[in-house]
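J.: On the provided structure of chain A, position chain B as indicated by the hints.
Take a look at the letters that make up each chain.
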Amino acid sequence: MSQRIYLFTRFERFWHWSQAALVIILLVSGFAIRGVHELIPFGPAVRIHEAAAWLLIGLWVFAIFWHFTTGQWKQYIPTLTNISAVFRYYAYGIFTGASHPYRVTVDHKHNPLQRLAYLGVKLVINPLIWISGLLYLLWGSVRDSMPAWLGLEQVAGLHALGAFLMLAFLIIHVYLATAGHTPLAYIKAMVTGWEEVHDEGQVKRPPRSP
Amino acid sequence: MFERKQRAEWRALWVILGWLMLLPAAHASTADHTQFEELQGPFTSADQVTQACLGCHTEAAQQVMATRHWTWDYENPHGGERLGKRTMLNTFCIADQSNEGFCQSCHVGYGWEDDTFDFTAETRVDCLACHNTGDYVKKGGWAGWPNESLTDLTRAALNVGTSSRETCGTCHFYGGGGDGVKHGDLDSSLFHPHRELDVHMDARGLDFSCSTCHQTEGHDVPGSRIQGTAVDAHPAITRGSQEARNPATCQACHGSQPHESGTHAQRLNEHTRALACQTCHIPEFARGGVPTKMEWDWSTAGRLDEEGNPFQIRNEDGYVIYDSKKGDFVPGENVVPEYRWWDGNTTFVTAETEIDPGERVPVNTYHGTPGAEDSRIWPVKRALGKQPYDTLHMTLLQPQVAIPGNETAFWYNFDWDKALQAGTELAGQPFSGEYDFVETSMLWPITHMVAPGEMALDCAACHADDGRLAGVEGVWMPGRDRHQLLDRFGFGLAGLLLLGVVGHGALRIANRNRRKEP
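Same order as they appear, the protein sequences are chains A and B.
The numbering of the first sequence is the numbering used here, which starts it at 1 and goes up by one.
The numbering of the second sequence is the numbering used here, which starts it at 1 and goes up by one.
Next comes chain A alone, as it looks inside the complex (with noise of 0.2 Å):
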């Protein structure tokens, strides 16, 4: 006997897809740019990569707005509860037909592993990727603020080491994004909201009637 509960929120859909969207379009653009690829021509690259950057600064203040008035902040706090069960869950269970040990909940949506991640990319790589993408972006007007350590050459590392990291938790994250009860399980709970569970104990009650 399986239920449905509603887990993502229309805004939080919203932001899960334009941002996977906009980081998917920064990442080929930025890899333009860097002279990684011929796809898209240096100056167009540019541009996109100009344009998609402040779409995703735009998109990143209101979605931060929205975590502190909604307190969904909460579902990043991270806890090493149960962590190494997980761990096992994907290292091992997962090929013996073992049940996911985390039971989601409207109020924990996210299992200790995917926690511990989100709060990086928030803590770590957004920031990292933020910051050092503004100064390359505004060097000409910065560049005579800046200590002597810090060249255009230094600023361009770092945004590339944030890009690469970004790539990284990319390739894990729509990985692991197959990795539902079915491939396409947790897919599409993102599209629609709802997700199946098939656990009784897991169910609790979702925020409104369907």
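The set of hints was computed from the structure by calculation and includes no laboratory data.
Errors might be hidden in some of the hints.
[Claimed, not checked] In silico contact screen, one side only, chain B against chain A (beta carbon under 10 Å); selected entries:
id, residue
1, G161
2, A252
3, G255
4, S256
5, E260
6, T263
7, H264
8, Q266
9, A460
10, P478
11, G479
12, L498
13, L507
[What the hints assert, rightly or not] Some chain B residues flagged as far from chain A (calculated, every beta-carbon gap over 10 Å):
id, residue
14, G41
15, P42
16, K139
17, L158
18, G175
19, A203
20, P430
21, D458
22, D465
23, H483
24, A494
25, V501
26, A510
Cβ coordinates follow ideal geometry from the N, Cα and C atoms, glycine included.
T.: For chain B alone, kept in the frame of chain A given last:
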């Protein structure tokens, strides 16, 4: 009755048309020189015209005599060496000294044939060289005197005017002994340029003359390739303000933040911290259909045909690529410049400089610090040469080439020993009698032939692996520069993770039947 009225109307129309035609001339000057008694002549020699000019323009000769157009002499404020056309060496026609009778056709004076020329004689100043509007021709071999058969001194004197692309170009477009030879960005195509060739001098558009930018005061024409204004990080010069700035820079009119529209305007303005305007806005030089000499090899000069006569070889485009008098040439059209950091200072090899013939001798060197505030990346023409040097004294030699009627000039005798002996003797240069040819190079700043904005270089011309600034240091350029270790780490990490998830996924698929049914 009707007929008379009609005639009157026609007459009125002709008067109006005539007045309209005279209008530009009337506006250009408050004096109609054709009406001046002093200029009615007849003049039998050019210095008489000068005399007439000086009758009213009392200070003109002294002003001209204080400039390099007269002295051909210049002390390099940077290197201290004695420069100026009089003594300078180049990789083209090599040297002026001992060839004055020929080369001084481009001197603003009459009769500079040898070192007896009187630089204080006011009537030897050539006013017409810069102020003629036709009927006045100075050709090589006349020591600066006009050619009698091609010149009408009285007409030239009556029709004097301001300097023009024609007057300046007559010499500056032909430096090095021919059309477009030396500069690369100055040749006869600029007499009547189209918009794509030069957006400012565009004959059907802005129609600038040289002096529109090279705003001259007291006959002193600003602008120098020896001491260039490589950096001019200032707003445009306000009309009427008295500033000790070079009025010929781009920034003198456009300011240093000239990009106003478009999504990249701010970013392009920031580029002015590292780039000269010319770097993007003169994508190529020698664009007007006149090739410039990119290489000149004197060592092959002197070959004669079976009858013992000098000859020329032309390429498929009709350009001379070999001349018995001069050697081998490599002409270049639509040439992509090389790029150098330049702070405006340039030093030169002179006839006294000891050279190292083991490698190509840079006849001039552009100074500048990569990335520094006082330097910019400039487009340059790099011309290659091969010219005689003294194998004992290790100095570049000055041959006599162009003076006919003696037994020494190379063009008439094809004998290097005599030409070098005579040239060095007249130039006062020690010559051991032993010579060979050494490879040389010379840089010329590219600053004319400014293309319209839409033809400026696009980003990828430089922001690419093998772009135009491939070897230029001192700037971090996205698209050209990257951190190899970081990239290896980043893509290595991504590759490992991909491998990991593919393996993990494969194991999941392999074990999918072990999943418990809910």
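J.: Going through the numbered hints above, which ones does this structure break? Give me the numbers in ascending order.
T.: 1, 2, 3, 4, 5, 21, 22, 23, 24, 25, 26
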